[in-house]
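Please model the complete structure; the sequences and the hints are all you need to start from.
So the sequences go chain by chain: A and B. Note that the working numbering has the first sequence beginning at 1, numbered continuously upward. Note that the working numbering has the second sequence beginning at 1, numbered continuously upward.
For the record, the hints were derived by calculation from the structure and aren't laboratory data. Some hints here could point you the wrong way.
Chain copies aren't distinguished; within one or between two, either way the pair holds.
[Said to hold, decoys possible] Derived lysine to aspartate or glutamate pairs resembling EDC-like cross-links, with alpha carbons at most 20 Å apart:
| id | residue 1 | residue 2 |
| --- | --- | --- |
| 1 | Lys235 | Asp280 |
| 2 | Lys235 | Glu262 |
| 3 | Lys166 | Glu188 |
| 4 | Lys110 | Asp280 |
| 5 | Lys235 | Asp212 |
| 6 | Lys235 | Glu61 |
| 7 | Lys166 | Asp212 |
| 8 | Lys110 | Glu72 |
For reference, the chains in residue letters:
2 protein chains.
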Amino acid sequence: MRSTQVRLARRPVGEPQDSDFEIAEAELPELEDGQVLLRVIHLSLDPYMRGRMSDAKSYAEPVGIGEVMVGETVCEVIDSRDESRAVGDIVTAYVGWQTHAVAPAAMTRKLVDPVAGLSTYLGVLGMPGFTAYAGLLQIGRPQPGETVVVAAATGPVGSAVGQIAKIHGARAVGVAGGPQKCRALIEEFGFDAAIDHRAPDFAEQLAAAVPDGIDVYFENVGGHVADAVYPLLNKFARVPVCGLIANYNATGPAEGPDRVPEFLRRVLTMSLTVRGFIQDEFVRAHYKDFLRDMSGWVADGSVHYREDFVDGIENAPAAFRGLLRGTNFGKLIVNVSEPPAA
Amino acid sequence: MRSTQVRLARRPVGEPQDSDFEIAEAELPELEDGQVLLRVIHLSLDPYMRGRMSDAKSYAEPVGIGEVMVGETVCEVIDSRDESRAVGDIVTAYVGWQTHAVAPAAMTRKLVDPVAGLSTYLGVLGMPGFTAYAGLLQIGRPQPGETVVVAAATGPVGSAVGQIAKIHGARAVGVAGGPQKCRALIEEFGFDAAIDHRAPDFAEQLAAAVPDGIDVYFENVGGHVADAVYPLLNKFARVPVCGLIANYNATGPAEGPDRVPEFLRRVLTMSLTVRGFIQDEFVRAHYKDFLRDMSGWVADGSVHYREDFVDGIENAPAAFRGLLRGTNFGKLIVNVSEPPAA
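And the structure:
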């Protein structure tokens with residue numbers, strides 16, 4: 001079986017270029033015992049992938065030059081040498097940017113009676129939804145009446161953060177880029193307020209939208225959004241640090257002065273909690289609760305989601321570049337092949 | 001009754017000068033119902049007082065120009081118009097840098113059967129000891145076999161942090177200024193390792209002293225000590241932020257580049273918890289446990305402490321300036337008047 005693959009051709013300097021990727025075909029090996037052959041239906045594109053393209057120290061190994069770009073997928077099993085998986089099973093698997101793959105059956109998760117479209121298991125019912133759920137509830141711990149601010153708020157993590165905050169009785173304020181996204185935050189996702197971070201008076205608008213200050217800032221972006229948020233944090237505020245997309249393409253040190261002393265002074269005087277996390281630390285204790293809660297919320301309409309589809313694995317690099325620039329709207333999914341007929 | 005007072009004459013720019021203080025006499029008002037007249041025996045000098053001299057936003061109101069400098073004291077009650085306090089009682093009270101004071105009886109805490117000298121209730125058995133106890137155990141949460149690093153380690157907070165960490169089965173590494181203090185960390189306080197932050201190869205020495213990385217960094221100082229510590233933090237490390245003495249005298253923005261993006265990237269990729277705190281948030285839940293535990297540890301010799309005495313309220317400004325430069329050694333106490341004969 002041949003697989004069309006998107007590989008890392010070289011490490012990007014700053015914003016990734018098309019030439020940092022290469023598209024090539026590979027002959028997959030024969031199945032061994034315990035393995036399955038997968039046809040990729042949907043591929044998830046996520047900001048964290050920018051980190052894997054660099055070789056700076058991080059929470060995960062970088063993708064090697066010439067290796068297939070990593071990523072979560074929804075696949076159909078088209079051949080199996082493992083009792084637990086049958087041909088026709090639909091699974092999620094971390095096989096990356098390619099059309100077909102051989103994987104250990106044990107590394108796949110079978111979808112049983114999905115409550116929504118298959119692609120949602122890469123978004124609201126998958127890793128991004130769980131990231132929002134675990135980071136907000138385990139670190140942010142919003143209390144009824146508190147104010148939660150989240151940036152990249154129309155993204156799959158941000159939109160879930162705001163909606164889960166509302167379900168828990170907090171006020172949700174979203175930050176997004178442009179009036180169209182801000183309108184969707186109010187009308188589609190039910191946020192209490194939405195602020196356009198591109199507005200020249202963004203910081204003033206944000207301050208006006210949080211008359212009682214900010215108790216939880218779910219950090220997805222860093223940069224000038226964070227600069228506006230931190231002075232508004234209340235005493236004992238919590239900052240789950242989930243992502244820093246504003247910095248991912250940085251090519252060198254940021255312009256001075258050094259604001260670390262000021263940052264730490266604020267942490268001290270306001271008794272802030274700043275806590276980085278990757279969702280996997282919470283999987284064992286909280287994934288089951290997540291699947292139950294979020295499936296219920298999606299099914300009964302209390303959590304909405306939006307998806308942004310791109311067709312064809314060969315278009316993944318351009319779509320990913322757009323994701324880093326914020327040009328897409330909703331969970332970015334590559335349709336790699338047709339889902340099976342229902 | 002007249003009181004000799006040290007007042008804030010003007011807000012310091014950078015390091016405080018003698019001329020930022022003024023020494024003056026005041027006639028105290030007559031006692032009203034519910035009040036006590038206090039003779040100050042010991043005054044505590046602590047780094048946080050530098051913050052109160054500035055009018056930047058902080059966790060407490062600044063001292064006003066012309067007002068008495070704030071601070072915790074041990075006092076003898078020499079007159080009382082409250083049933084709960086008798087002449088001759090020994091109390092702690094937050095009456096500041098002066099020889100006598102009128103205070104509400106309800107704002108004093110009576111010392112009953114003290115287990116050690118009265119001055120210890122300003123140090124190891126007082127606010128600094130409680131700061132160490134609460135910050136280390138509630139935020140740092142050291143586990144047996146983990147590595148705890150603390151700077152300003154011969155100070156009243158730092159020395160308690162290291163010794164409590166040891167009692168809880170962790171490895172204690174102290175950072176201090178100069179070979180004399182480092183020797184005391186090992187010989188007097190029982191730390192496992194001591195590093196002189198003035199050494200030109202300080203960062204390399206620290207790295208060599210923590211072969212398993214750092215799980216808890218109790219932050220008292222910031223500055224170049226923190227710069228050496230952060231790259232050594234393990235995944236899921238905890239950083240209780242208790243003080244930032246290296247920055248207290250800063251007069252303007254720190255030299256670039258801006259390292260906030262790098263700092264937050266580390267928080268994210270290493271799943272760090274950075275948590276500022278002031279001890280008072282933990283008083284209600286943990287002060288009784290502290291008094292019981294720490295009194296026991298002091299009495300049985302498992303926690304040692306060192307005190308550094310200065311005689312005379314008029315010498316408080318110079319002693320305080322030395323404290324900010326790190327020239328003292330141990331809990332800095334001003335002997336304001338003689339303790340009562342035993």
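* Asked: When no copy is named, should Lys166 and Asp212 be tagged within, between, both, or neither for a Cα gap of at most 20 Å?
  -> Within. Shortest intra-copy distance 16 Å satisfies the 20 Å Cα cut-off; inter-copy 42 Å does not.
* Asked: How would you classify Lys110 and Glu72 at a CA-CA limit of 20 Å: within, between, both, or neither?
  -> Classified as within: same-chain Cα gap 13 Å, cross-chain 63 Å, threshold 20 Å.
* Within, between, both or neither, where Lys235 and Glu61 count as close if Cα-Cα is 20 Å or less -> Between. Shortest inter-copy distance 14 Å satisfies the 20 Å Cα cut-off; intra-copy 37 Å does not.
* Status of Asp212 relative to Lys235 across identical chains (alpha carbons, at most 20 Å) -> within (11 Å within a copy, 34 Å between copies)
* Same-copy or cross-copy closeness of Lys235 to Glu262 [CA-CA at most 20 Å] -> within (16 Å within a copy, 24 Å between copies)
* Homomeric proximity label, Lys235 with Asp280: Cα distance no greater than 20 Å -> Close across copies (13 Å), not inside one copy (29 Å); limit 20 Å.
* **Status of Asp280 relative to Lys110 across identical chains (alpha carbons, at most 20 Å)** => This pair counts as within: shortest intra-copy Cα distance 18 Å, inter-copy 50 Å.
* Please work out whether the CA atoms of Lys166 and Glu188 approach to 20 Å or closer within one copy, between two copies, in both situations, or in neither? => within (13 Å within a copy, 54 Å between copies)
Hint compliance for this structure: every hint is met.
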